[in-house]
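Asker: Sequence:
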Amino acid sequence: MSFGTEESFDVTVDLFEDPVPIEVLLEMCKKGKVDIRDIFVSDITEQYIKYVAELESKNYDNISSFILLASTLLELKSNSLLPKPEEIAEDTLSEQERFFLKMEEYKLYMEQSEKLREREILNRFYRDPVFAEDDYKVVIKNFDLNKLIAAFSSLLEKREFEETQEEPKKIEKERFTVAEKIVDLIEYIRAYKVVNFFSLFEPDYTKLEIINTFLALLEILKRQIATAEQSGFCSDITIRYTPLTDNFDTNAEEELLSDANGYN
-1 MSFGTEESFD VTVDLFEDPV PIEVLLEMCK KGKVDIRDIF VSDITEQYIK YVAELESKNY
59 DNISSFILLA STLLELKSNS LLPKPEEIAE DTLSEQERFF LKMEEYKLYM EQSEKLRERE
119 ILNRFYRDPV FAEDDYKVVI KNFDLNKLIA AFSSLLEKRE FEETQEEPKK IEKERFTVAE
179 KIVDLIEYIR AYKVVNFFSL FEPDYTKLEI INTFLALLEI LKRQIATAEQ SGFCSDITIR
239 YTPLTDNFDT NAEEELLSDA NGYN
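Take the sequence shown: its position 260, counting from 1, is numbered 258 in the working numbering, and each next residue is one higher.
Possibly wrong hints are sitting among the right ones.
Derived lysine-lysine pairs resembling DSBU-like cross-links, with alpha carbons at most 30 angstroms apart [unchecked claim]:
1. Lys220 / Lys145
2. Lys220 / Lys48
3. Lys48 / Lys145
4. Lys220 / Lys191
5. Lys191 / Lys145
6. Lys145 / Lys156
7. Lys48 / Lys156
8. Lys191 / Lys156
9. Lys145 / Lys205
Don't read these hints as lab results, they were simulated from the structure.
Let's have the full structure, built from the sequences with the hints guiding it.
Answerer: As structure tokens, then:
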């Protein structure tokens, strides 16, 4: 999984003298060459926020790639904290099998993202010709994308801490996919017009469900169905529904809903 044409994001960890690409770090954790318990995901996330802040241009797909990689590190670390079961039923997947299945899901997501990008180039999504391709972007008012990523990071860190305090329990399958959450969020934002960013994430969401919700929100923002804004320096981040006007593709919602299954 690569960050595309952008410069690779190298992460600094105490285990190595020199920074290493995050993809390499994930691969080493997966193969057991590095103990995931020695990795602090919050430190990596903080480094990435600084990295994004220094970029001249923000790339939506690259940011999504990092979220997927970081979430995998979080899942590996959480699994390492759980006690090993004494008996495993024959029909129960091993932790390693779960990991590879999850990586396949991430791979499929990135493949679907590439397909969507190709469709944009082929003018798959109709828009008024007076708008250039550069206008098709995440709309954020009165603050930058780094704050949205930082808010998302704080949710993951909070959930990671809570899981270390909870009694060990069986890892359950996520209750919804990115595709299902896209449909749910569009209905929710359309109904309430203006919602608080943190209200989109239920207290009992798992880390993967938090990630699925955030990816769904990013796609909605990218399609300009809603905007993210902040009225003051320390005020809450709000998500505002964008009434369909001549300035936007009037078929944006319908097209996103019809294409939602591509994110499964």
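Asker: Now, for every hint given, state plainly whether the structure supports it.
Answerer: Hint check results:
1. Lys220 / Lys145: Since the Cα atoms of Lys220 and Lys145 sit roughly 16 angstroms apart, the hinted pair holds (cutoff 30 angstroms).
2. Lys220 / Lys48: Answer holds: Lys220 to Lys48 is near 22 angstroms, not above 30 angstroms.
3. Lys48 / Lys145: holds, 11 angstroms
4. Lys220 / Lys191: holds, 17 angstroms
5. Lys191 / Lys145: holds, 21 angstroms
6. Lys145 / Lys156: holds, 16 angstroms
7. Lys48 / Lys156: Between Lys48 and Lys156 the Cα gap is close to 20 angstroms, so the pair holds against 30 angstroms.
8. Lys191 / Lys156: holds, 27 angstroms
9. Lys145 / Lys205: Within the cut-off at roughly 19 angstroms; holds.
Checked against the numbered hints given earlier, this structure breaks none of them.
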